[in-house]
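Participant: What follows is the residue order along each chain.
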Amino acid sequence: MSLTPTEIEALLLSLRISGVAVLCALPFAILVATALALGRFPGRFILDAIVHLPLILPPVVMGYLLLIGFGTRAPLGSWLYETFDIRFVFSWTGAALASAIVSFPFQVRAIRLSLENVNHGLYQAAETLGAGPVDRFFSLTLPLALPGIIAGAITAFAASLGEFGAIITFVSNIPGETRTLPLAIYTAIQTPGGELAAARLAALSIGLAFAGLLLSEIAMRHIRKRALA
Amino acid sequence: MSLTPTEIEALLLSLRISGVAVLCALPFAILVATALALGRFPGRFILDAIVHLPLILPPVVMGYLLLIGFGTRAPLGSWLYETFDIRFVFSWTGAALASAIVSFPFQVRAIRLSLENVNHGLYQAAETLGAGPVDRFFSLTLPLALPGIIAGAITAFAASLGEFGAIITFVSNIPGETRTLPLAIYTAIQTPGGELAAARLAALSIGLAFAGLLLSEIAMRHIRKRALA
Amino acid sequence: MSITVSISHKLGKFDLDADFHIPDTGITALFGPSGSGKTSLINIIAGLETPRQGHIEISDRVVFDHRQRINLPARKRRVGYVFQDARLFPHKTVSENLYFGARRNAQKLPREEQSAILEMLGILPLMGRRPAALSGGEKQRVSLGRALLSNPDILLLDEPLSALDHARKQEILPYFEWLRDHRKIPMLYVTHAIDEVARLADHMVVIDQGKTLASGSVFEMLGRTDLPPLAGRFDAGTVLSARIVSRDPKAEVSFLDCAGQRLVVPYLGRPANPNVRLHIRARDVMIAKTAPTGISANNVIPVTITKISQENRDTVDISLRLGHDPDGRHQHDTANGQPVLHARITRWSAHRLKLGLGQKVFAVIKSVTVDGQVADQAI
Amino acid sequence: MSITVSISHKLGKFDLDADFHIPDTGITALFGPSGSGKTSLINIIAGLETPRQGHIEISDRVVFDHRQRINLPARKRRVGYVFQDARLFPHKTVSENLYFGARRNAQKLPREEQSAILEMLGILPLMGRRPAALSGGEKQRVSLGRALLSNPDILLLDEPLSALDHARKQEILPYFEWLRDHRKIPMLYVTHAIDEVARLADHMVVIDQGKTLASGSVFEMLGRTDLPPLAGRFDAGTVLSARIVSRDPKAEVSFLDCAGQRLVVPYLGRPANPNVRLHIRARDVMIAKTAPTGISANNVIPVTITKISQENRDTVDISLRLGHDPDGRHQHDTANGQPVLHARITRWSAHRLKLGLGQKVFAVIKSVTVDGQVADQAI
Amino acid sequence: DTITVFAAASLTNAMTAAARPYEDQTGDHIQMSFASSSTLARQIAAGAPADIFISANQKWMDWLSDQDMIAPGTRHDVVANSLVVIAPTDSPVETVSLTGDPGLVALLGKDDRIAVGDPDHVPAGIYAKQALSKLGQWDELSSRLARADNVRAALALVERGEAPFGIVYGTDAAIAQDVKIVATFPKDSHLPITYPVALTRDAHTDRNTKFLAWLLGDDAGRIFADYGFDPVETLKTGTPPQ
Ligand SMILES: Nc1ncnc2c1ncn2[C@@H]1O[C@H](COP(=O)(O)OP(=O)(O)OP(=O)(O)O)[C@@H](O)[C@H]1O
Ligand SMILES: Nc1ncnc2c1ncn2[C@@H]1O[C@H](COP(=O)(O)OP(=O)(O)OP(=O)(O)O)[C@@H](O)[C@H]1O
Ligand code: MOO
Ligand SMILES: [Mg+2]
Ligand SMILES: [Mg+2]
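Residue numbers (our numbering), protein chains in the order written: chain A, 1 to 229; chain B, 1001 to 1229; chain C, 2001 to 2379; chain D, 3001 to 3379; chain E, 4001 to 4242.
The set of hints was computed from the structure by calculation and includes no laboratory data. Since the structure is predicted, the reported quantities are computational estimates derived from the model, not experimental observations. Any given hint might turn out to be false.
What the hints assert, rightly or not - Here are the simulated EDC-like cross-link-like pairs (lysine to aspartate or glutamate), alpha carbons at most 16 Å apart as the crow flies: (1) C/LYS2169 / C/GLU2196; (2) E/LYS4110 / B/ASP1085; (3) E/LYS4187 / E/ASP4230; (4) D/LYS3092 / A/ASP135; (5) E/LYS4210 / E/ASP4001; (6) E/LYS4110 / E/GLU4140; (7) C/LYS2076 / B/ASP1135; (8) C/LYS2211 / C/ASP2017; (9) E/LYS4134 / E/ASP4188; (10) C/LYS2250 / D/ASP3314; (11) D/LYS3169 / D/ASP3371; (12) D/LYS3169 / D/GLU3196; (13) D/LYS3211 / D/ASP3371; (14) C/LYS2169 / C/GLU2119; (15) D/LYS3184 / D/ASP3153; (16) D/LYS3250 / C/ASP2314; (17) E/LYS4110 / B/ASP1135; (18) C/LYS2184 / C/ASP2024; (19) D/LYS3076 / A/ASP48; (20) C/LYS2184 / C/ASP2060; (21) C/LYS2076 / C/GLU2049; (22) E/LYS4180 / E/ASP4090; (23) E/LYS4210 / E/ASP4024; (24) C/LYS2092 / B/ASP1135.
Modelling step: build the complete structure from the supplied sequences, incorporating the hints.
Facilitator: Right under this line is the structure:
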């Protein structure tokens, strides 16, 4: 079974959008997870709740909210467009934005869980050795939470690959620009007799995700082995 | 703002479906997470990949696959129907099934991460004290992974509350039976001028999820405090 | 109730080759420097690590045999293991930790014995706490209690008292003796404190760089100065076997007989008993050319110099055979049936006294420096 | 370089009230039974726990004051803390662990000194490993190395040598002495081993059940038998100040002068020096009515009995003032300017010798039982 | 040059097929986005770069028109469709009477449902509601509907045999594999099923107008007919472009 050019197009687009979404969201996810796990500040619960919003709201609503917020006629969207020439609507960057937001809670949850497992005594030891909070964060927290960060990134990547509602609502279903694998599957399914095409695309999706999982497994094993070496 | 009867109906339905989905999936999630975290068996990677499938595939495809697998005409579905009078299609139990499957990966990931953090030395200690594998699982693994289990359940609950595509495809959008909050929101949003109704429903969704989050935060705090007492 | 171990194993670049047999029940000290393989060896005996090859027998039960493919899982070996790090279950209270093993064992200890253990370890006030709220020594005591309450067939103790103060140790050590004598539980005991070894152990295995250098009774092992881990130790000395003959009217001292010589030691708590073990440190033995009088030291023992070892820079170790030989016949013969005592004195004073082989001198030993211990079985 | 601590704190039901002042630099032993609050106190001094109230001053720097709202964070207190549990960073190699603090400190130790520390601790072969692959004692050594390499202003040591064998301890202890004497780094040292205390410490703080019972120079503290944690200890004794007068030609022994009495101890490595500290255990001091001759013991010191304490069941502790009083004038006066020695002998033998207050007798002490230590500063 | 077309998802094959000959003729590139009419309408309102919008119903075109987002005078109906009742091929029922008594409901088993697009928002469902109401069957049937997200989902329910009947467009029924038409709703039982097309507000250019004209012309009409669409009987609004 060789892939048609359209299939390859959708595949590469999905890969790019999910990859960019996960990587760009990662620093923010780490930041937010750290604040939630280690910080004690008013509004912590509100932040926690906001992070979960994209999970709770149906993707279509998220897409609609994005459309309202980042459309070229919306204040934020038009400002970004006019000032930086960044246009989210109907472009793959918008799809990446939607994917990033929708998969954000997965990243935060996993990272936070890992952060909360770091032994407090190690922080104390580092502090007596002269490491300040930022230093401790980079020398201890991050590396020790690495398995969680990878797990979170993988979950988010998988979720991005499957994201449909928010993307189609926010950036429409434009071949080569925003028609990712799930949207291509949807398009195929809309067509009577499109089942075969849909199945091929679904298989592609699955293959892609498996490759991502396999990579993450290898990375995890490497990390664990290192910790015992 | 008082709720209309239809809103209350959708709210209660969502609550019931998400609650049942998460609780019923929990034991399986723990089982699978344990196998993935602690087991060494051939096919481990395949299992891992299968668990992630619902994330990767667009929800619509998941719904379609469910229809094929659990429809009354499908072998499994008809067997369940004839033997146990369990019918998934067009009923809220089907919505719960769809939610459970779609939110399954979140539960597994979180639980697995927690399991992998349990100190191996404790297992050794328990073993010299006569605890067999099953005993160790219940006396050490489960309680020590509790934060992860709760985190996973909460993420899954939130994801269930937002689940849309699989439900609408698998069990349709039947008021009072399968029209959960997201489906109600979707219905409203698809209607010109339905924005206000959609917003009210979305607010309801958010309120529900916040309540769940708040409960989980309290539970977590309780567990942590206990561990330090 | 013997223990036979003959295994080889590899940990990274570290090779462990252990080969020893302890014919008897009792307490076996596992002695060796940091990083010599003690913990690894105990892990293997407990069944927590599987050696590359070899054979392990505990009380005539083969628990591991590489060729016969026998490898009893740890939980079936009925070992009580006190880990070097306490390994308490963080989510369980002290009380739940303590009874974890006991609840899983059909043969429970009698209630009173359980209470006695908790009392002795001083952990009754801690029962409701969780491990995070314990001090280092408290953790160690709970860990010890957990192993003891599980009523094991053999105890593996990895430095069980290292974080405890002297007074607490003095409360716990007699319990180990009691366990050995009354419950006949064999113990493998890792420690760096020769004091503990001498007082407790019947046997001793010396390990260095992953090899078991020697094993045997504590009597012979503590006398050996050729084994690197033992050489040059401040408290090296002799372990002697003696028997209680009588006591003074006020029961302040016991009179012993050791190879025909009378010894006086602090009261041992029994009017008469055939089996007493004495640990006499070389540094506590003074040598006198003539028997001094009017001194507080209660023990002035005629001895014959059989060996003068010059290994240390400013001290000499002198071997002294008990009794004055009628002639010089046996002077170079270390053993000759008679027990041997070791004395460490400055070179300068050996020179001053012009000590030489075969000389008949006196060993002067203060009673309070002798560790005496009654054993119910032959030693 | 003094340390002043006056704090109160609460941990669960445990109340900690510490109040002591150490006027001088040097090594301070923190001594107390398991669970008495030693680790908690050290945590507070390090800044890892904030006490409810009080005041802490290290080397005239106020690091905590409850009223003035001063609370210097731990990383600014420049403490080197060796934790009771090693607390190595599991994801870093031994080498990365060791240099963690050093890399964060502008004032680095000279290269040679760093190498010397690693050499002494015997951790050079471990540099590339991760903590999971270390033995218990190796972890402890790396933890110690990490604190030392960070070049701190004060060292807090929580049982730093408890998992180490005798030989390794003997290599590390002199380094602490060197640190104290040459680098003038004050140390607070938690240990259960009186041997270590006596050899190292200048000051001592005794803590029991969360209260600091006493603090002061090791000289007076080790002589006190009224403090519960110290009472009844096997190795209680005296610490004496002396000076090196000369040595024998072969440099095997040093001749000391202690309050006009000549003492002979194993060679101390210096031809002459005004400041030597001697630790003489009570159990090692023999009493003779007349000066014995022809004995290996090099020290026969005229002393006067000033006190006979009858606290123990079968032994007595006898205080001996150095020198024979010309008349009986001072016989009941313990101090009287002259140093006091403690001897522990059996009751039975005290009775046999008919010892009584004011008697002029001789203390007989073997050279090898004396722990001597040169100090570069006045003690 | 690229012409961006936002078209209702039910037009996916037909529009894809119709655009190809035009691209070949003119060299213009036709870029298409298929989604539900409501999604597309909202996107255009939010500034989507669509040149042409084809809605599956009049309502969303009206809505966009109210938002002042379509170019005045460019709105036309492009194709029409019929509404039919389908059943799985293996169903014993060959034809059903839509006017008779008892109605459809009598043919349903206890738990059976009729698959339709959600009458609350899916155009096919809205037409179905009109027709059933007109035929006096709505009250009985409204609680027996399986309301699908779109027509394709309703079709799938019938194809899979989960619903014994479904109400879908004639175009869907024509191409579907495992279903048969058991009744066709009378044309007067519902508003005409027509797909309106219009240029968006800022897209009133010659190039776009030319494509619009082509879509309304005979060549395109033949292609639409191939996919089962009916020709539009009366032009509702505006004048045909030149
Ligand atoms: N979080 C806590 N909650 C309640 N009590 C505590 C807590 N932490 C410590 N304690 C108690 O405080 C006392 C002092 O503990 P600390 O660790 O300072 O003892 P320590 O002197 O270091 O003992 P060790 O020699 O056994 O290490 C102990 O009795 C301990 O049980
Ligand atoms: N996983 C491992 N990989 C490589 N080397 C290891 C590993 N575990 C232990 N070692 C090495 O094996 C040797 C023996 O370790 P072990 O823990 O048995 O020593 P030990 O005698 O118990 O020492 P200690 O008294 O310090 O606890 C040490 O040199 C240690 O560095
Ligand atoms: O009474 Mo002594 O001086 O210990 O033999
Ligand atoms: Mg060890
Ligand atoms: Mg402590």
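Participant: State for each hint whether it applies.
Facilitator: Hint by hint, here is what the structure shows:
no., hint, in the structure
1, C/LYS2169 / C/GLU2196, "9 Å, holds"
2, E/LYS4110 / B/ASP1085, "13 Å, holds"
3, E/LYS4187 / E/ASP4230, "12 Å, holds"
4, D/LYS3092 / A/ASP135, "15 Å, holds"
5, E/LYS4210 / E/ASP4001, "13 Å, holds"
6, E/LYS4110 / E/GLU4140, "13 Å, holds"
7, C/LYS2076 / B/ASP1135, "14 Å, holds"
8, C/LYS2211 / C/ASP2017, "5 Å, holds"
9, E/LYS4134 / E/ASP4188, "9 Å, holds"
10, C/LYS2250 / D/ASP3314, "9 Å, holds"
11, D/LYS3169 / D/ASP3371, "15 Å, holds"
12, D/LYS3169 / D/GLU3196, "9 Å, holds"
13, D/LYS3211 / D/ASP3371, "30 Å, violated"
14, C/LYS2169 / C/GLU2119, "14 Å, holds"
15, D/LYS3184 / D/ASP3153, "9 Å, holds"
16, D/LYS3250 / C/ASP2314, "9 Å, holds"
17, E/LYS4110 / B/ASP1135, "48 Å, violated"
18, C/LYS2184 / C/ASP2024, "10 Å, holds"
19, D/LYS3076 / A/ASP48, "33 Å, violated"
20, C/LYS2184 / C/ASP2060, "15 Å, holds"
21, C/LYS2076 / C/GLU2049, "14 Å, holds"
22, E/LYS4180 / E/ASP4090, "9 Å, holds"
23, E/LYS4210 / E/ASP4024, "14 Å, holds"
24, C/LYS2092 / B/ASP1135, "15 Å, holds"
Hint compliance for this structure: hints 13, 17, 19 are broken, all remaining hints hold.
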